[in-house]
Each structure stands twice: as C-alpha cells, then as structure tokens.
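S.K.: One-letter residues, chain by chain:
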Amino acid sequence: MTAAVATTCPYCGVGCGVSATATGPQSAEIIGDAQHPANRGRLCVKGSALGETLGLQGRLLHPLRRSADGDQQISWDQALDTVAGTFKRIAEDHGPDAVAFYVSGQLLTEDYYVANKLMKGYIGTANIDTNSRLCMSSAVAGHKRAFGEDVVPVDYADFDVADLIVLVGSNTAWCHPILFQRMLAAKQARPELQIVVIDPRRTASCEQADQHLPLRPGSDVWLFNGLLAYLHQHGVIDTRFVADHTAGAGAAVAAAEHSTGSLAHVARSCGLAEDALRRFYQSFARCERVVTVFSQGVNQSSSGSDKVNSIINCHLLTGRIGRPGMGPFSVTGQPNAMGGREVGGLCNQLAAHLDLEDAGHRTLVQDFWQSPRIAERPGLKAVDLFDAIHDGRVKAVWIIGTNPVVSLPNADKARAALQRCEFVVVSDVVRDTDTTRCAHILLPALAWGEKDGTVTNSERCVSRQRAFLPAPGEAQADWWALAQVGQRMGFGAAFDYQQPHQIFREHAQLSAHRQAEIPRQFNLAGLADLDAQAYAALQPLQWPYLSATAPVERPFANGRYSTADGRARLLPLLPRLPVNMANDEWPLVLNSGRLRDQWHTMTRTGRSPRLAGHRPEPELEIHPQDALMWGLRHGGLARISSRWGQCVVRVRTTTEQVRRQVFMAIHWNDQNASDARVGALVNPVVDPVSGEPEFKHTPVRVEPFFVDWYAFVLTRHALRIPRASDIAWWTAIQGEQFRRYELAGRGRIEDFSAWSRALLSAQAPDADWLEASDVAELQYRAAHLVEDRIESCVFISPRADDLPAREWLSGLFIQAPLQELDRISLLVGQPATPGADPGPQVCACFGVGRNTICAAIRAGTASVETLGAQLRCGTNCGSCVPELKALIAQTRSEVR
Amino acid sequence: MSRERLAVVGNGMATARAMEELHRRAPGRYEVDIFGAEPHGAYNRILLSPVLAGEKRVEEIMTHGADWYAQRGMRLHSGDPVTAVDRARRELRTASGRSAHYDQLLLATGSLPFVLPVPGRELPGVVGFRDIADVEAMIEASKTARYAVVIGGGLLGLEAAYGLMRRGMQVTVVHLMDRILERQLDMPASQLLQAHLQKQGLRFRMPAKTAAVLGQARVRAVGFDDGSEIPADLVVMAAGIVPNIALARSMGLACERGAVVDDQLLSSDPAISVIGECAQHRKICYGLVAPLYEQAAVWAQRLAGDTDARYLGSVLATRLKVTGVNLYSAGEFNGGEHCDDLVFRDPRRGVYKRLVMNQGRLTGAVLYGDTRDANWYFDLLSSGREVGAVRNRLLFGPAYAGLGAGAQAA
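These protein sequence lines map, in sequence, to chains A and B. With the first letter of the first sequence counted as 1, position 149 gets the number 253 in my numbering; the numbers rise by one all the way through. With the first letter of the second sequence counted as 1, position 335 gets the number 725 in my numbering; the numbers rise by one all the way through.
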C-alpha cells in the first residue's frame, strides 16, 4: 500500500485537509487530515465521499476538436497551436479586448497565476474573469472599500473565543459544515456563546441557533444600518479606535440614521418583529467579541457590496476587528477563491492584491514580470463578458474549470453566446457538460487527486493540494496548457515553467515585491526562495507570511489598514431594494443556493451514491400555502418561469420557506435533468460595484406542470432519453451500482410493456422480464433480471404518490441474487416485512434512513447522542444533526 | 314417537358432505337410508385424477365407507340404484327390488359424462371419466395400448390426458375450441398451460371437431370433420358432463337442464330436495365441488330446523389437478363492462395472474404458476369487499396488500 498523501478538499472555502491513500490507479481511501488546522481531521459528508467521486467515467482524456460532425481527437501540439494561433490572430485583428479567459475558483493558485499573467501582462487585456465573480466579488469590493485591500481579517480560531456569532446569508450548516461544527463545539464548551442566523429561509443552521431573523430578501443594509444607528445611539462605540484608525464614521452613522429611522421602521423594512430585532441589536451591543460571518446571501445581490460594508461599518464603529474573537468574516464558497483573489484573477484586479487602476501598481507588476504590456483598464466582468461574447465584441474565449452555461444568470443567453462565439476553448476534466457542448477545442485537465499546487482557504491559509493518483490519458495541468499557449504566442521566456513550485515562487516573490513602498497585507515574502523540496513539504500556513521565524501577525492588529492614509473606511450607505421586485405578473421571489450534499454542477458529487441520498432531485421549495394558492402539490411538478427562462422541477412544500419566497438549488443541469438549470431563471442584474449577480432575488411565477404519467427507472446502465419523446421531464440520480431516473410524460403509453422494454433495452423475447399492469388505471411496473439479479426496473403511474418508495429497490442492486419471494417484492417496491424499509436517507455518512430513525425515536430514543450511539447517525460529519433534532421533535410530538 | 325417515338417492360427494353436515347439526334426528349405484362407499371424486396418474391409490381416496355411516346410525345401501319413486306414496324402489318409505327425500344423483353423438361412440375402448370403474378401465388399457385420444380440453379432459400420459401413453387432446380450459382461463393463461403440457409430451389438436370414432371390434382411430384421423387405442369422452336427471324426470319433478330447485334447494315437490350436479339453481347447474358443499350445508341446516337457511349461488373456483401445474381460477374473469384487468406476468417463473375488478371489487381471478394466494382472492371475491384502496397491491397478495395504504407514505 502506498503512503498517505496530505492534500486538501476540492469543495468549499473551508479548505479542509484530506489524507488520501491511493488504492489503485483511480481509487483512494479518504480521511480527514488530523494535522490540518482548518478541520483537525474532521470531514463533512461531501469530503468523506470524495473516494466515490474518483474514476474515469465521463472523463475528458485527450484534446478534442468538437464540431457539429462530432468529436475529433487531436494532439496537444495541434490543440495548443490552434488555441495560440487563434487567440493571437483575433487579438491582432480586433485588439486584445476581443479575447477573454473565464476561469474558476477551483483552479490552483499556480494555474490562476499563469492565466492572469498571460492575459494582463502579455495579451494585454484584463478580460480575465472567474466564477468567483458569482460568489464573493461583493466581499472583495467591500474589503477594498473598507480596508484598501481584499483582506479577510478573521481566523477560524476566533469562533472558539467569540461571544456572539452572527451568520448572515449563510447556511453554514450545509455549505461549510466543518465550520458550523466548530461553532457548535464552541457553543457546547461555552453555552453563553450566542448564535444568531439572519436569513430569509429557516435553514438547517437555524436549528441550533439562539435566534433566527428571517429578514426580507435584500433588506440587509436596512438591518445593519439600523444596527449602526442603534450602536451609535447607545454609545457602543470604540471612540478611540474610530478616531485613530478610521475615516467616514460620521457620514456613515448619519446615512444610517437618515435611511433607517426608528427601530420600528427598520423592523418593518426588514419584515421582522420589532422585539426580535431589538434582541439582536442588544446582543450585538453587549458582546464585545462578535464574529459576523457572511456568505452568498450577502454577496449575491445588486447591493452586495453595500451589504458587506454595512456589516464592516458596525465592526469598525465598535472597533471589533483585528483582535481575537471578532471581525467581519467573509466565508468563501470555493476551494481557491482566495488564491484567485491573491493572484488577481478578477478582471478588475491586477496581481498580488495590487490595483489595476493605479499606475504605480501597474508599473510594479510590469517591471516584475518584465512584460511587453500591462492591461490598463478593468476587463469585462462575468455577466458583461458573456454579453460581449453574445454581441460579438469578444470573439474568442477560453473557459477553464467552470460551467457557465449552468452557473451564470440568464444562463440560456450564456449558452447562446457561446454557440455564436467564433472560438470557444474549454479546459475541463469532464467530457460532456452543458458548457463543453459549446466548445470548439476541448483540453483535458488534471482532476483533483492528480493535480499539484496550492490553494488558499477562507482564513488566508495556504495549503498544498497534492497528487496521489497518476495523470490519466493525456490530461495536463491547466498551468501547463496556459504556459504552452503563452510560449506559442511568442512569450517564451516568461512562461518557461517546468514545475508548479517555480510558479508559486514567482507568485510569492511578486507578493513581496516593493512592499516597503506599497505595503500590502498579502505578503508571502517567507516563501520567495522556496525550492522544489520545500514546496513539496510545504505545511499549511497563513499570510501575511514574512519569514519562517517571524510570528504570523493578524491582519490589522496594529490598526493600520492598506489605504493610502492607513485608515479603514466607514461608508455612508443608502439601502436599495433588489432591482427586480415581485409584482402581479411575477409574484414570487426565487432564491437559489447550495444543498448539503452537492457541489456546484455535480460533475463530481453527482457520481457519489451516498451524496445523492439527501436530496436526490431538483426541487422547488415553497411554503405549503403558496403551493395551495398556485395549484401545486407536494411531489408534483411545477414550471417556474421568470422573464429570462424557465425550469420544471418537483415541488417540495416546506414551512422553512417564508410565504412568497421560493428556493431552488443551483446544482442541476442538462446532464442530469431535463429542465432544472436554475441559472436560466436568474435575472442578469449585478451589483454596480462588484458586478456580482443577484442570484438570491428573481421574481418568478409558478404553475403546475401537467403530465399524464409519472415514472421512475432504476437501471445498471445509463438510459439514453430521446430528446423528442413522450418523456416531458426527467432527472437522473446516481445510486450504488445503478442510475435512477425520475420521469414524467404526456400522452398515453399505448403498450406499456413494449414501451418499457424499449426504454430499458430489454427487447429480447427471452429476457427475464416480470411485470404487473393495470391498464385501466394506467399503472405499470416491470423488472428486468439477469441471472436473478436486478438489471433494471420501471414503475409508471398517473399519480406521483402511487409510485413506491425508491430506497428499498435501490438496495437490491448491491444484493445477492434474488430469491423467488423477492421477485414479487420487486414489483411491490418494498419487502414483505415493513420494517425492512429504511426510508429516505438522513445520515449520509452511515446511510441511516428516516424510517429507521423514527422507529428508534418511537421506541424511546430521545436525544441525538443516544440516536448516534444506537444507529451511528450524526456521529461522523454531524451535518444531519439538525435534521435528527427536527425528527426527534416531530416524532415525539406524534407519540404524544 | 318415531323419527322422520330420510331417504337419500345417490352416494357421491354431495351426499357424503350432506350427511356430515346433518350429523353435525342434528345427530340422530332422522332415520337415514342412503342408496348408491356404485358398489362401494363414498369417495373423493376429485382425486380420481391422481389415481389415474398413479399418484394415489383407490383406497386413499375413499372417504365414507359403510362403517362411517353405520357409526352414525345411517344405513348405506351400495350397488343398489334407485329406479323409481312414487311421490304420492312417498316410496322408492331400487334395482334389487327393495322399497322404502320416506318423509324427506334428498336427490343427489350427480352427473354423467357427455358422450358426443358421433358414430362409433359405443365401441369398446371408448370410456368416460367419471367414476372408479372408468379409471380402472383406463389404467387397464394403458398397460397394453399406445395411443390415447382425449376428447375435451376442459378440466376433466386435461386431467385424464395427463394421467394417461403418466401411464406411458401417447396422448392427444382434441378440443372444439381454440384454447384449452376456455371456461376457466383467459387466453394468456391458457397458452401458458398448453405450452407447459406440450413440454411434458401432451399433444393437442384444436380447434377440431370430432366426426366419428373409427374401428371395427375396437376403437382404432378418431376421425375429424375435415376427413383426417389420428390413431387411437383408447378414447376418453371428457367433453363435459350432463346432470343425471333421468330419475327426477321419471318422478315428474320440474326439470330443465337439471332438476329445478329454489333457494331452499327444494324441488317442485316440497318433500324432495335436490343438491349437487343434478340440481339447477337459478338457471345454473354446477360442476364443481365447492358449490355442492355449500348446497349440502344449506340443506343440512334446513333439515336441522333452520327454516331460514338459503342457498344464494356460488362463486366458482377451479384448480387443475395436474402435478407441476398450479392453476386456479375463480369468478367472472372474462371481464365485461366496468371491468378492469390487473395482470402480473413473470414468464421466467411461469407465473401469470389476472384479477378482474369491477367498480372497486374483485370479481374474477386467474392464477397460473403461483396459487398460494388463491384462498385470499377467493375470500375477497365471495365477500364482495371494497378493495379499491389496495388496488395497486392486490396482485401481490395479502403479505403486501395487507400493509394498507398508509405504510407507503412513510
């Protein structure tokens, strides 16, 4: 057996350390890295399931030329020459602004650095933007406006000593589970620690919170302006700090008081009860050590930057920053969003936290690179970039490691843009995504586990991401492909990298370059001489990192900020409503976000059966009364329309949604569902400062999507669902040794048997095919067995709730050959003894089902701890603990 | 005071069951005389098929011998058929010349094989399949003869054919219809069964109309209306049964196909009851054992003093007694208006089930290959219970349907 390799998780911005031991060329055992400061050995369910996401199924292994005639495999030389030649030609013919890169917070810092250098220093345009624009560019803008530099001034360890943690627009329990567990551990150790959740939805994070403020979507600035005014009125001000280290406090407070008025008025503006709001303001005023965690609920807004500054204002007025246990804490969503920010991977940044719009900064960077040119004005931000592609201003784009056809707002337009674009290059690890379908050249990238470099997490901790699997096929690192193109465009010397450590060392040197004249918090001076060996052995470290011996100083601990005058800025902010408000035509507000067990567009998590168990399908989450009002049924299908596009998904009624607000997850796309790209619905409205889209607020309407029948299929082999068929809607879900398809259709299936056998490729007359039909009721069930093992099965009914539960059937795919009695059970969809059906999965780590848990609760198990002792549920990653608590409360109330 | 005298004509399964029921309800209340044509006690006629197939011996199917009756104070006169009844004098006469008075008469003369009215039907080698004598004749023939032709693809014919095949004969079933067991099975089940029996070695000729039994001193072949013929050393007439009502007619009782009875199973003479295959109740003459048992019970209740006892007809259920074949049918399975089919097929296991629903109730069932749940379906059918709520589980039997609709939602 090979030795364990210390690397980091490829998912969220917590940046957990992972210890991976290869068990084969495409498999590995994954456990948490006990040495890593971010997680100390713990992993959430997504991280725990990383081993299930490996394997070459669907991988892009060779460079391809893609056209209407199909895919043609080409050599790397051909591919790179084509890319370099075309980019060069278009940049020469139409100017450098006619080309662009669109990259990703999942690139390693080294990839990011080379991409940024090539574009800004050599091609000579700032048209490089990243999916981080969609995620935390408002935080970047807020930080720069307040601190003069994009710096997150808080560490995870601050949770351990905080008195109050405020989660704003962050379902930390699901999106950053390891941080949430850390907060809960702190609360358990010090019950006086308060947790307040500010979120329109009653998320899982609320389960263990002391207070939940379900504010009206987009009203955050009212709330924090109100807080600023309250703090001011109640004298909760660090007068000395404000005087010595800030500017703009007077104007900020005046604007806050002017815009918010009385507390009652604030409460009304935010849709909150006055008492609840006062309670929160009092807590905030009382607790010196406050960490305000904010995430996409704050950032993804047309006033996202102002929201960020409204939070920072409160911390600056009270001087609660730069000291243990306090500060405004932007938690990022991607594994290397922070690394991307450090290298300047956004179109309005330069590099190493230097400003594109500052001539002195430009000179610094150009001198350092010795580059022929340097971009002089900001490039196109993501949404604008795709608009420019759409109308032909940008004629060539290289997309690396991201899936904009799914993730951008107004995503149908993004697709149309790529379809009409002259030259689209996509580097990816997956051959078929909604975006690679639009490519002309496909470049095979190394995947997690194969690539080698560094990432930075939400607390400025730089960690190595290391390879533990061999590179498959012809896959190459993205930095290599970028450097090769740079060389082939004629910039040889500047891109003569052989190893990632050479790139990282250059990056570290740039960060330290001329710090005396232009001081920045971001400084890796201590790594400027890093050699290959030291790079290989690099342990996680936080910046600023000046030397191996100097202690890491907390940013802003000395009260000095990165502005010209060294003072932090409080900003006068006027609250603004979201750009598009609900009206009679579009009466509901769509919010979007992540689920607990999925990641982005599911190219990785979608392959893990246990991650599929929690929320297998795309859903519309809606309050039951709204569902009633718009004629929707729980479990039925709904069409959701906005001015920009539409989706069709299943309805989930839940009181976690406030009336008139609906929610959809961002993960599904055309690869795994017929009509579930939420991006197609989202309004292409952006924050004027950050350019971050307003993903959390799109007016929509909903209506029942009428179908004549519902069905599901479980099959060992993927189905090919014909595009034009009687199947009007579908979703594919990965199971253990099978794929599950939920289907719905229109029209009458004349011959169920023939239809089903064709769909499941079981037309052979001697196929072991058993079936039960009720033609009058349009009910049909069939199973195909091969050597007494289930090969596939199909269940069809005019009513969704007539179909049996999927869980028990799913288990049959990993069972021994079926006994005769099981064959009948197969078509019933459940075993003869009801106790054997575990129900929908709640604990993904140990695969514990709802029925099992409820049975234990009914039998008297009354706490999460005893449930864990009994069934193991909730004892690994803990992310199902909120649901376990809810089940306990619910089941026990039934019993009473 | 002397007891009422009860005379029973016929000693088949109906009589045996009627006597059991009567003895259970009113032991010794009547002075009972039973007259049977066959020279032995009562036996389970259903089990003649296994006897023919060599799976059971004759002794094993005897159920009510003379001693059984004697122990219960009843007199059995076997081998002595009743030849005449004088209703006015309430007196009967037997073949041996015996005569007896009765206060109550039970007529249970059963049925006779239907013999096709074709030339040659009386040739030696042509037998019916009705009683122990027929079975013994067939067993005897099978020892030397090679070709057997069974005319009739109904329950009886198939059982006879199967038995003879087991006895080593090469058997062809000749049937007028295009499928076997058309009264008990729908087309798919019928085809499954035919395929199964063919695999066992049985041959089928259908649809085929028998024109003549050919031969001089003995049967030699069976000829068809198209002029073709097939060799036959033994011909079994199993094309159906006819109620044996010669005696009833001669007594002047009202008769149509059978002797007509009302819901109390009384004939046109209030002193005479009729049960079994010779009775015609509400236009129906039954040919299966279950209705006959039900009639026996109702009759016994009345004789035991329950004047309210009524027979309202039976739901029919059939099982085929052929080893290796599980086949069951009950109720009205040929559908009709308002009728829906629920169908289960598992060809690998050779299982076919069809349930016929009519407005939320089960009205018919055909089970082939797996008849474990037959009784449960029969209960649902006879009780007329509303089963719409478990409709989508009905095919899967009580282990699943019994869970109720609530379990699914969990």
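Honestly, the hints are just simulated from the structure, not real lab data. Incorrect hints may have been included.
[As the list claims (entries may be wrong)] Some chain A residues flagged as far from chain B (calculated, every beta-carbon gap over 10 Å): (1) A195; (2) A380; (3) L678; (4) P728; (5) E760; (6) R764; (7) A876; (8) V879; (9) A880.
[As the list claims (entries may be wrong)] Each pair of labels, with its calculated beta carbon distance range: (10) B:P597 to A:D855: 24 to 32 Å; (11) B:R762 to A:Q867: 40 to 48 Å; (12) B:Q749 to A:R850: 25 to 33 Å.
Since we're looking at a predicted model, the values are computed, not measured. Ideal placement from N, C-alpha and C gives every residue a C-beta, glycine not left out.
S.K.: Would you mind marking each hint as holding or not holding in the structure?
M.R.: Now for the hints, and whether the structure bears them out:
no.: 1; hint: A195; result: holds (62 Å)
no.: 2; hint: A380; result: holds (35 Å)
no.: 3; hint: L678; result: holds (51 Å)
no.: 4; hint: P728; result: holds (16 Å)
no.: 5; hint: E760; result: holds (20 Å)
no.: 6; hint: R764; result: holds (28 Å)
no.: 7; hint: A876; result: violated (4 Å)
no.: 8; hint: V879; result: violated (6 Å)
no.: 9; hint: A880; result: violated (3 Å)
no.: 10; hint: B:P597 to A:D855: 24 to 32 Å; result: holds (28 Å)
no.: 11; hint: B:R762 to A:Q867: 40 to 48 Å; result: violated (31 Å)
no.: 12; hint: B:Q749 to A:R850: 25 to 33 Å; result: holds (28 Å)
Going through the hint list in order, the structure does not satisfy hints 7, 8, 9, 11.
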